[in-house]
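*Asks:* Starting from the known structure of chain A, arrange chain B on it as the hints suggest.
Protein chains in written order, with the working numbering: chain A, 63 to 286; chain B, 4 to 410.
Just so you know, these hints were derived from the structure itself, not from any lab.
A quick note: this is a predicted structure, and the numbers were derived from the prediction, not measured.
Hints should not be assumed to be uniformly reliable.
Under the rule of at most 27 Å between Cα atoms (straight-line distance), these lysine-lysine pairs were calculated in the DSS-like manner [what the hints assert, rightly or not]:
#1 B/K58 with B/K167
#2 B/K330 with A/K118
#3 B/K398 with B/K317
#4 A/K178 with B/K22
#5 A/K178 with B/K9
#6 A/K175 with B/K317
#7 B/K181 with B/K167
#8 B/K398 with A/K118
#9 A/K84 with A/K118
#10 A/K190 with A/K178
#11 B/K272 with B/K199
#12 B/K330 with B/K394
#13 B/K9 with A/K183
#14 B/K57 with B/K317
#15 A/K118 with B/K167
#16 B/K167 with B/K57
#17 B/K317 with A/K118
#18 A/K183 with B/K236
#19 B/K199 with B/K57
#20 B/K167 with B/K199
#21 B/K22 with B/K316
#22 B/K124 with B/K167
#23 A/K175 with B/K22
#24 B/K57 with B/K181
#25 A/K175 with B/K330
#26 B/K22 with B/K9
#27 A/K183 with B/K181
#28 B/K9 with A/K175
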Amino acid sequence: MIILNNIRKSYFVGERELPILKGINLEIKQGEFVILMGVSGSGKTTLMNIIGLLDKQTEGEFYFMDTSVEGLDDEALAGFRNRHIGFVFQQFFLLPYLNAIENVLIPMVYSTKEIKHPRDKARHLLRKFNLAERTHNRPSQLSGGEQQRVAIARALINDPDLILADEPTGALDSKTGNEIMELFRMLNEDGKTIMVVTHDPKLASYGRRLIRIEDGTISEDITT
Amino acid sequence: MGLSQKISRLRELLEETLKILYYYRGRVVFSFSGVALGILSICVIVTTIDGANKKAYDIFEALGPDAIMIFSGSERQHTARERVNTLTVSDADLLQRIGGIYDVLKVYAVRGVNIKYLDRKWQTQVIGGTENYFTSFTWGFQSGSFFSHEAYENAEAECVIGAKVNEELFRGENAVGKVIQVGQLPTKVTGVLEEKGGATHGPNIDDRVIMPLTTVMSRLSNERRFLGMIRLKTNRDVDATIEDIKMVLRNSHGIPEGSEDDFMTRSSKDILQFVSVISGSLFLFLGTASIVALVVSGFVLANLFYLTIQERKKDIGIRRAYGATRKGILLSFLFESVFITILGGIAGVLLSIALEGVFEKLFNIPMEFSFKVVIFALVFSFLTGVLSGLKPALKASRIEPIEAIRG
Chain A
63 MIILNNIRKS YFVGERELPI LKGINLEIKQ GEFVILMGVS GSGKTTLMNI IGLLDKQTEG
123 EFYFMDTSVE GLDDEALAGF RNRHIGFVFQ QFFLLPYLNA IENVLIPMVY STKEIKHPRD
183 KARHLLRKFN LAERTHNRPS QLSGGEQQRV AIARALINDP DLILADEPTG ALDSKTGNEI
243 MELFRMLNED GKTIMVVTHD PKLASYGRRL IRIEDGTISE DITT
Chain B
4 MGLSQKISRL RELLEETLKI LYYYRGRVVF SFSGVALGIL SICVIVTTID GANKKAYDIF
64 EALGPDAIMI FSGSERQHTA RERVNTLTVS DADLLQRIGG IYDVLKVYAV RGVNIKYLDR
124 KWQTQVIGGT ENYFTSFTWG FQSGSFFSHE AYENAEAECV IGAKVNEELF RGENAVGKVI
184 QVGQLPTKVT GVLEEKGGAT HGPNIDDRVI MPLTTVMSRL SNERRFLGMI RLKTNRDVDA
244 TIEDIKMVLR NSHGIPEGSE DDFMTRSSKD ILQFVSVISG SLFLFLGTAS IVALVVSGFV
304 LANLFYLTIQ ERKKDIGIRR AYGATRKGIL LSFLFESVFI TILGGIAGVL LSIALEGVFE
364 KLFNIPMEFS FKVVIFALVF SFLTGVLSGL KPALKASRIE PIEAIRG
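Isolated chain A, as found in the complex (with noise of 0.2 Å):
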């Protein structure tokens, strides 16, 4: 599902090249749950945001769903985005103004897909993750783990390809963390390929694959 040979990515501060990723080779197929994980400032954030889209490679090729991404425009960025990746963030990101079956509903906004009844689907997802009572209650009224949910929910509502999750326990107590972390692997088992990206090593026993990034080189790629 998703190539990636020697990719690089470097910024530039004036003249001088300050390399992030320095030549990344990876696969990863339809259904599998991919832990990526590194200690912050090893480039693990720069691959998630490539992989998701976000940001472009300076070199190196990059096949998402046998597509080569080079020199798509924004729009078909924006729509690649919107068919086939989940985004699941430390913060949440839900917009305040909205409750939270409105959130659920976001990406339906931008959606070219035949998504049949997306109100009843949404719903559907929000009883799946015990918030059927709140489905119609703001961000600021709900807890951390139950704003994780509603993000999770709102990132399944277009039925993407990868779910692509950054930091998602990051802001939230252990237990709710695992918890959230559970909800990935039920999600996995139903055959969602996931990806979740972190720094902490406690997380690494709910994948199914384990990447390790160093330094901008993956440093161990090990399935269990």
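*Replies:* Same frame as chain A, but now just chain B:
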């Protein structure tokens, strides 16, 4: 994308915009009321100018485009509100001989005359006019008719009363045939004039009693020689006729070369010109005020919007991550800003309708509300929305998702 899909997307956009505006209502109120005030003043300008023009046109119509009025007293004396009588009956006869003149109306007015019917009293102006008074002014009657030829010839005490006088003395009773006291003179009412109304400043045009000039001169004021006003109609060029009139009158009054006229001429043209000067200065005053109001509210809107965008960076980032294009972000922010200003514009229009009466009293100018005003207001508020929303919306659209969602 199908039409129904487009419509449902527009509805979603509208619903979302409403929620956003409600969430940020504190700021929205500021921008909204600024635009509303700006649009209100634009509406006032347009309606008053239309009103003034209509009034000017009405006056023009009423006087007739070929009418010339000559008043006693110089321009300077008129400005100083000095009343002097310089025009004479024989002047009128002289003027009648000028080529092209086909109607001569002689008027002598007496102000502040006490009139009485039974125990009802009123004070009004009594106008002595020649028999052509009513045809010359194209003034119709609600009942009765004008005084008779015999009454004019013999200076009999007959009169026609204006609608206001009729209301004050008769209160709905039939006035025709009744005898009222004009000064000391018992006078028979032969007719009641139609209400002209419309005059919002100066004396009420319906507040008058009209009697034969002969009667007023000989029995009411004991004035045999002088007139207050002569009104002429010509079928020649108005300006050329005025030149002739001036020559004749200066000659007859023996005014040496270089001295000012002791009379004043007015034609419909002067009145049109006068009104256009008034509406011009109104336009300047209100126009400046409303443009300032709109510009200020536009700036307020732009700045508040700009600040909001900083706050909504994450909002924008998440939308971009979930498939919003730059164009989509740009349009939704523009939509939001235009939505506020259009709403403000509508409020301004409604406010101006509500305040129409108040403004009429305040500025003494009739307002002519029209559909044009609504279009004008909406176009202006739309432009304000686009112009003030453009920079913030551009900024919003340039926000990169990765910088927005970075922890």
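*Asks:* Could you tell me which of the hints above the structure violates, numbers in ascending order?
*Replies:* 14, 15, 18, 24, 27
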